[in-house]
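Asker: Chain by chain, the residues:
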Amino acid sequence: MPKTPVADLVDGPAVPGVAKKNPIIVADSVSRRFGGLTAVDVAHVEIPANAITALIGPNGAGKTTFFNLLTGFDQPNTGTWTFQGRDLARVPAFRVSRRGMVRTFQLTKSLGLMTVLDNMLLGATKQPGENMFRALFRPWWRSRETDITQKALSLLERFKLDTKKDDYAASLSGGQRKLLEMARALMSDPVLVMLDEPMAGVNPALTQSLLGHILDLKEQGMTVLFVEHDMHVVQEIADWVIVMAEGKVVAEGPPATVMSDKAVIDAYLGAHHDTDLGTLSGQLEVAKDMDSEVVKRDLEEEAAHDAR
Amino acid sequence: MNLDFIWLAVGEAISPTTAAYALATIGLVIHFGFTGLLNFGQAGFMAVGGYAFAITSLKLGWPMPFALLATIVASAVFALILGIPTLRLRADYLSIVTIAAAEIIRLSVKTAELTAITGGATGLNGAARNFNELNPIPEGRYGFGVLTYSADQVWVRLVGWALVLLACLIVFLLIRSPWGRVVRGIREDEDAVRSLGKNVFSYKMQSLILGGILGGLAGALFILPRSLQPDNYGTQLTFFLYTIMLLGGATTVFGPIIGSMLFWLVLSLSDGLLSLGVQSNILPITSTQQGPIRFIIVGVALALLVVFRPQGLLGKKKEVFFSA
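Order-wise, the sequence lines are chains A and B.
The numbering of the first sequence is my numbering, which starts it at 1 and goes up by one.
The numbering of the second sequence is my numbering, which starts it at 1 and goes up by one.
Careful: at least some of the hints might be erroneous.
Dumping the calculated DSS-like pairs for lysine-lysine here, alpha-carbon to alpha-carbon at most 30 Å [what the hints assert, rightly or not]:
(1) K316/B / K165/A
(2) K218/A / K151/A
(3) K218/A / K3/A
(4) K318/B / K160/A
(5) K262/A / K3/A
(6) K316/B / K160/A
(7) K126/A / K164/A
(8) K318/B / K164/A
(9) K164/A / K316/B
(10) K3/A / K21/A
(11) K317/B / K165/A
(12) K316/B / K151/A
(13) K164/A / K317/B
(14) K165/A / K126/A
(15) K160/A / K317/B
(16) K126/A / K218/A
(17) K3/A / K151/A
(18) K318/B / K165/A
(19) K218/A / K160/A
(20) K21/A / K262/A
(21) K151/A / K318/B
(22) K218/A / K164/A
(23) K151/A / K165/A
Note that these hints are calculated values from the structure, not bench results.
Can you build the whole structure from these sequences, using the hints too?
Answerer: So this is what it looks like as structure tokens:
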């Protein structure tokens, strides 16, 4: 899957909050405060549709909080956002998911004491048997169950988990759980898949296959927004990168160029990363005095004294 | 030597009280075992059901089906009142609120001001009259030896255990269904289930109501062979139900039946054995110490079970292995 050219994504220069040609999410003045701490304070941001967008930033930048706000897992203090043109602010998490915006979690939430197949089936939608009264009569939900089981099995095959379908999810390795969580999210045919650190704790061998699966999502017409720390991953698969720091979007751009943006370097390395530490702590002031005549004379006298 | 106590213990295992405990525990299994709701107030649900049944049939003179309906409605309303404020919060809030609510119910019905309705501290007597009028079994004595029952006693046993089996059937069907899959998912991680588009609050409420209704019906069944005493519904009743649930296996459908039978069998057998020992001066205790010692024996049995068979008698070993 080739990367989407930048010209197809944006109009104009890549600045924070730049308008996208075909946005799937448009968020305005979203803020979330925890007591005195402002975790998220995003003035305007748009997520391009049918592309892979990476949300990066140093620890504590508010990426996961922003994720939680967008998916209804946390409530904002201010702000509005739309998903496919419809208002989605303050909608409960389960409705967000039903609208086609499915997320995964940074700490994998596989349902340990359920089988892999049950985990998958739980991701399906429109199962009438999930209604308490219809559940009592098998004929009411059997045909839908057969359909979603077929779908689950083919997804499991794609993610190479088909041999594990009857095992408890708790018996899977960390990487396999990440795969299961992603496969489960796909059971509902989402429009937008939100992955919170999909590579965290995954061994390098599995990383490659996970990357392939994420690229597949785009190929199948889905939009992906993911939080990630690993810059190699971002460089390799992202079409667009949004950088957050201290709750704000500080830069946006294609992965090849965004990392050289001054705001990004400042965010990761600190605003003073290329100035001498001495200037900051005031030691250079002393060093400047070293040039003065008085100090020079003192030093020469001392040296002469030592020589004697 | 009089070995009748063995037969009495067997009789205890099929008594309506055992059935009532089993039914209330099935409700608890729905809450705790399948949905992960930490309900420490199942005794409160039993009290609500018992009082609703007794007041409507005794004070209002409602016929049996309506009294049963009132029992169901009252328990469902109690579940709603407990669930609306707490089910959106973390799991432990529900346990605090339920344990408090159960005590509030017990202490409220005891107040002197309510004596006209609830019978105050003495409770209510004779709630079974309407129920026994429906008894189709001809008068007479049934059974053999010490296990001889009157027609009414047979009737209450039949209805009680039929109710328990019906509840088991419903739970069995529900848990194997997609509905059961969702609530088991909520037990494991409700945020994950929420992210998959399920209305977690609604499912938890449904589970609380269903288990609460079973608790309420158990409360009604519990008072059929005896009078309604408010102090029967203390916190220790809830903990007996938890004991029964852990004995049988917290995530099993038929565990509550086995657990309840075993619980009462052990209580009754140990009582018989102890009184045999006291009478023949083998044991250095008095007959008043006998009662509490039975519960010590049950407690030791439970401790041994938790150590050697933590999944309960019918549970799956794997489930415990992975959750540890």
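Asker: With reference to the structure, classify each hint as holding or not holding.
Answerer: Against the structure, the hints:
1. As the CA atoms of K316/B and K165/A are separated by approximately 18 Å, the hinted pair is consistent with the 30 Å bound.
2. Between the alpha carbons of K218/A and K151/A the distance comes to roughly 19 Å, so the proposed pair stays at or under 30 Å and holds.
3. A threshold of 30 Å between alpha carbons decides the hint, and for K218/A with K3/A the separation of about 10 Å falls inside it, so the pair holds.
4. For the given pair, K318/B sits about 24 Å from K160/A by alpha-carbon distance, which is consistent with the 30 Å threshold.
5. For the hint linking K262/A to K3/A, the alpha-carbon distance of about 24 Å falls within 30 Å, and the restraint holds.
6. A threshold of 30 Å between alpha carbons decides the hint, and for K316/B with K160/A the separation of about 27 Å falls inside it, so the pair holds.
7. As the CA atoms of K126/A and K164/A are separated by approximately 25 Å, the hinted pair is consistent with the 30 Å bound.
8. Taking the CA atoms of K318/B and K164/A, the gap is about 16 Å. The hint holds against a cut of 30 Å.
9. Using a Cα cut-off of 30 Å, the hinted pair K164/A and K316/B holds, with the two alpha carbons roughly 19 Å apart.
10. Only pairs whose Cα atoms come within 30 Å are accepted, and K3/A paired with K21/A is accepted, the gap being roughly 16 Å.
11. With a C-alpha separation of about 19 Å, the suggested pair K317/B and K165/A falls inside the 30 Å cut-off, and the hint holds.
12. Between the alpha carbons of K316/B and K151/A the distance comes to roughly 29 Å, so the proposed pair stays at or under 30 Å and holds.
13. Between K164/A and K317/B the CA atoms are separated by roughly 19 Å; this keeps the pair inside 30 Å, and the hint holds.
14. Our distance criterion of 30 Å between C-alpha atoms is met by K165/A and K126/A, whose separation comes to about 22 Å.
15. For a cut-off of 30 Å, the pair hint linking K160/A to K317/B stands: about 27 Å separates their Cα positions.
16. Distance restraint check for K126/A and K218/A: the Cα-Cα separation of roughly 24 Å lies within the 30 Å cut-off, and the hinted pair is therefore satisfied.
17. Restraint check for K3/A and K151/A: the C-alpha separation of about 28 Å stays at or below 30 Å, so the hint holds.
18. The hinted pair formed by K318/B and K165/A meets the criterion: a straight-line CA distance of about 16 Å does not exceed 30 Å.
19. Between K218/A and K160/A, the direct Cα distance comes to roughly 19 Å. Compliance with the 30 Å bound is thereby established for this hinted pair.
20. At roughly 25 Å between alpha-carbon atoms, K21/A and K262/A fall within 30 Å of each other, so this suggested pair holds.
21. The hinted pair formed by K151/A and K318/B meets the criterion: a straight-line CA distance of about 27 Å does not exceed 30 Å.
22. A distance of roughly 26 Å separates the Cα atoms of K218/A and K164/A; the hinted pair therefore holds under the 30 Å criterion.
23. About 13 Å separates the Cα atoms of K151/A and K165/A, which keeps this hinted pair within 30 Å; it holds.
Of the hints listed earlier, there is not a single one the structure fails to meet.
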